[in-house]
Amino acid sequence: MKKRWYFWWIGNIFWIIIFVIGLAIIWLREVDGAGVTQTPELKLLAFIVLLIAFIIPTIIQGVWLIVNLRISSSK
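In the UniProt record's numbering, the protein residues as written are 1 to 75.
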């Protein structure tokens with residue numbers, strides 16, 4: 001495997017870990033930073049916001065995957 005593939009996998013693992021940590025924080029907290037008690041609806045809303053925030057890194061990783069595949073197939 002080339003270095004670019006290792007970096008791609010490391011990047012993916014990093015973003016997955018960050019996402020899981022954020023998800024665990026959202027799901028396990030009883031009260032948010034503003035002192036509002038978290039209901040299932042508010043937790044779902046916070047999860048949707050987290051998903052929206054992770055769309056940009058997902059797009060970047062997808063483009064990086066396509067570039068890696070094209071470079072690997074041209075050699």
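Just to be clear, a hint being listed does not mean it is correct.
Pairwise CB distance ranges (calculated) [unchecked claim]:
| id | residue 1 | residue 2 | range |
| --- | --- | --- | --- |
| 1 | PHE7 | LYS43 | 29 to 35 Å |
| 2 | THR39 | TRP5 | 19 to 25 Å |
| 3 | LEU45 | TRP9 | 18 to 24 Å |
| 4 | SER73 | ILE17 | 28 to 34 Å |
| 5 | PHE14 | ILE48 | 21 to 27 Å |
| 6 | LEU50 | SER72 | 18 to 24 Å |
| 7 | LEU23 | ASN68 | 41 to 47 Å |
| 8 | LEU23 | TRP64 | 39 to 45 Å |
| 9 | THR37 | ARG4 | 44 to 50 Å |
| 10 | SER73 | LEU42 | 44 to 50 Å |
| 11 | LEU51 | PHE7 | 20 to 26 Å |
Rather than coming from a laboratory, the hints here were simulated on the basis of the structure.
By construction, the Cβ of each residue, glycine as well, lies at the ideal position given by its N, Cα and C atoms.
These are the hints, each one checked on the structure:
1. Checking the proposed 29 to 35 Å range against PHE7 and LYS43 shows it holds: the Cβ atoms sit about 34 Å from each other.
2. Checking the proposed 19 to 25 Å range against THR39 and TRP5 shows it is violated: the Cβ atoms sit about 43 Å from each other.
3. Under the hint 18 to 24 Å, the C-beta atoms of LEU45 and TRP9, about 32 Å apart, miss the expected range.
4. About 30 Å separates the C-beta atoms of SER73 and ILE17, a value consistent with the hinted range of 28 to 34 Å.
5. At roughly 22 Å, the beta-carbon separation of PHE14 and ILE48 lies within the given 21 to 27 Å, and the hint holds.
6. Between LEU50 and SER72 the Cβ separation comes to about 32 Å, which falls outside the hinted range of 18 to 24 Å.
7. Range check, LEU23 to ASN68: about 27 Å between beta-carbon atoms, so the 41 to 47 Å window is missed.
8. Hint check: LEU23 to TRP64, Cβ distance near 23 Å, so the stated range 39 to 45 Å is violated.
9. Evaluation of the 44 to 50 Å hint for THR37 and ARG4 yields a pass: the beta carbon distance comes to about 47 Å.
10. In this structure, SER73 and LEU42 meet the distance hint of 44 to 50 Å, their C-beta atoms being roughly 46 Å apart.
11. Between LEU51 and PHE7 the CB atoms are about 25 Å apart, so this pair conforms to the stated range of 20 to 26 Å.
Checked against the numbered hints given earlier, this structure breaks hints 2, 3, 6, 7 and 8; the rest are met.
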